[in-house]
Each structure stands twice: as C-alpha cells, then as structure tokens.
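Asker: Read off the chains here:
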Amino acid sequence: MQMICALLIFGDARFAWPADRTVARLDIQTDAIVNVRATLAAQQHRRFIKTHTPLDGLPFDDRVSYICVARDPRDAAISSGHHLSNMNRDVLPGPRGTTAGAE
Amino acid sequence: MDSSCFLLAWAGGDHDIRSIESAIDRYRQWFLELIEQSEKTHQRLLTILVVLPGLDRADADPLDALQERLKDAFRRRRADGGPVPPPVHAEWPVERGVQAAEGADPAAGDSPDGRLGPAVPARLCSHLSAYLDRFAPDIPGHVRRLLGPKITAAGRPRAGRRLAGRGSVMRRYRTWLADSARWDGFEFREGEIVIRSVEVRDDLDADDLRAADLRRRQVCLAR
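Respectively, the protein sequence lines represent chains A and B. Under our numbering, the letters of the first sequence match residues 1 to 103, in that order. Under our numbering, the letters of the second sequence match residues 1 to 223, in that order.
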C-alpha cells in the first residue's frame, strides 16, 4: 500500500527520500518523535504516514484520507515471517531503548 | 513441528453437532494431559488440529455456536498453564483509566502476545465501531450490512450512525515498539494519507525477536 501511494504521489519510482524517511511511522519508537516530526515537516509532497495504531487511537481530521488495509491472516503471517527474517534483531532493541527511554 | 508441538488428528465418521462436541472434548482432554507433560517453553506452541472430514459445511451457524460454547467452557478450565499474555503485552491496548486487558482470561492456543484469541472480538468490535462512527454515511451498503451485525451482536448498537468522531476520546495503544501517544498534537495538512494495516500481529517485542525461529515455524504452520 505504501508503494502504491508513493508511486501515485510521486509519479516516479525514484524517490527523493530514502524509503524509511519517505513513509514516516509516527508511533514506532525507534527514532525520537522530534526527529520523525522534523522529517515530516520537511516533506513538501502529499505526505503519507504508516501507523500500527487502530483507528480509534488516531487523531481524526476531515482533510485526511485514512486507508485501512485488512489482510488475510495467512498472508499477514507469511509477511510477518519475511519481515522478521529481514530484520536485524540485534540492532532493533538499541534505538528502541534509547527512544522509549528518553520519551 | 520440530518440537513435536503440532499434532494433526483425523476424526473420521459421520459427525453431527452432538458427536463433534464429544470428539472435541476428548481431544481437549488429551491436550490438557499433553500440556502437563510439555516443557514450559513448548506449552504455548502445543496445538492439536482436529480434522472432521465429511462435515456438512452448508450451515456454519450451529458449528459456530458450538465453538463459542466449548471455547468458553474450556477457558474456564484455565488450560493455558499460566498468565497469557504476560504483563507487558497486557498494555495493548492501554486506555488510560480503563482496564487494559480485554481478553483477561485467554485460553491455550491464543497468541502469547495477546492479540489473538478471545481478545480479538472486543478489539475488532472497538475498531469497527470507530470505523462506523466516523465513516458510516460513506460506507458502501454491502459493507455496512456485513459490519453492522458484528457490532450489534456484541452489544454495541451504533452501526449506521455517525457520531462525533472528532470530539470523542482517542484510545491509547502501546506496545513494546509502538506508542500511539506519539500522535498527540500532530498537525495534518490538506489531503494527507494515513495507512493502517490490520494484521495478525503487527508489533514486535523483545521476546518475540529472540523467539524468531519459533515464530518462523509458526508461520510455516500457517502457510
């Protein structure tokens, strides 16, 4: 979904930002919130933000489009497995601990 | 599978609802015996998949009702072998001032992160309810007809009405990795997009990361 949004917004497969900065995730505690917001503030294109927060935990704004992607649990399980396989599990606790501890 | 925690049981024969209950109860009793003998680290993985060949699937309602009744009964027997989810996971969701654990009495077979099993209906209901509150007038009729009964059946007869979503209190969600409080005070711009993906589990915690190999095996089972 994020790639679909990116392609529609930019009209190009070459993005000005690295992938992890093109699609911000406000609620993930691996980077200080001030840094995430600074990244978002610097973006001049139509911003799109990923979140793991359910809808009733998000601020609601009439001007915003909320896309809820419901996935077949079987697909999500495979995706989760791939995600875990690609993840550097030794590194992740570091920034999370730094960020969550500081906030 | 490598830990012999996944068992496939074939319960042949012409089953009706009554005989299914009897058959399932036997397997559940066996499950309780097995879990007593299992290593603690394997208890959460122990699974018996019961195959009921030839079962008439034309009308799922009696089977659903049976499942609901049996699961509630089984849960009361506390077969989970300990508190599931662990306290850190009970923070999902965290609604300040409100008891967090909606699935406070999960059964064996529920996900150790507490995001599956008995907690799901309440969370799903909450999520769907918020969805309907805010977007009901814009939801296509066929989707609304699907969602409405799920809400009303759970005692939340708000389907089809648009309430003051903007003025309602936002719930708080927190996991090891994510904290919805980070949304506080965020200012949107015109036309922006928020992408929310609903998955089996979309947060990670340190235990999960360390147990990634086990997770992968679970993923294989799901495949």
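Check the hints yourself; a few may be wrong.
Unchecked claim - DEER-style ranges, computed between Cβ atoms:
id: 1; chain 1: A; residue 1: L7; chain 2: B; residue 2: E36; range: 42 to 48 Å
id: 2; chain 1: B; residue 1: D16; chain 2: A; residue 2: L7; range: 50 to 56 Å
id: 3; chain 1: A; residue 1: R46; chain 2: B; residue 2: Q67; range: 43 to 49 Å
id: 4; chain 1: A; residue 1: T39; chain 2: B; residue 2: I48; range: 34 to 40 Å
id: 5; chain 1: A; residue 1: H45; chain 2: B; residue 2: D25; range: 25 to 31 Å
id: 6; chain 1: B; residue 1: L34; chain 2: A; residue 2: D62; range: 41 to 47 Å
id: 7; chain 1: A; residue 1: A42; chain 2: B; residue 2: P53; range: 31 to 37 Å
id: 8; chain 1: A; residue 1: L7; chain 2: B; residue 2: R189; range: 16 to 22 Å
id: 9; chain 1: A; residue 1: M1; chain 2: B; residue 2: D56; range: 34 to 40 Å
id: 10; chain 1: B; residue 1: R18; chain 2: A; residue 2: I9; range: 53 to 59 Å
id: 11; chain 1: B; residue 1: R69; chain 2: A; residue 2: M1; range: 48 to 54 Å
id: 12; chain 1: A; residue 1: L7; chain 2: B; residue 2: L32; range: 48 to 54 Å
id: 13; chain 1: B; residue 1: S3; chain 2: A; residue 2: A32; range: 35 to 41 Å
id: 14; chain 1: A; residue 1: R14; chain 2: B; residue 2: R189; range: 48 to 54 Å
No lab work stands behind these hints: they were computed from the structure. Think of the CB as a built atom: it goes at the ideal place given N, C-alpha and C, for glycine as much as any other residue.
Asker: Would you list, in rising numerical order, the hints stated earlier that this structure does not obey?
Answerer: Numbers 1, 4, 5, 6, 7, 11 and 14 - these are the hints that the structure violates, sorted from lowest upward.
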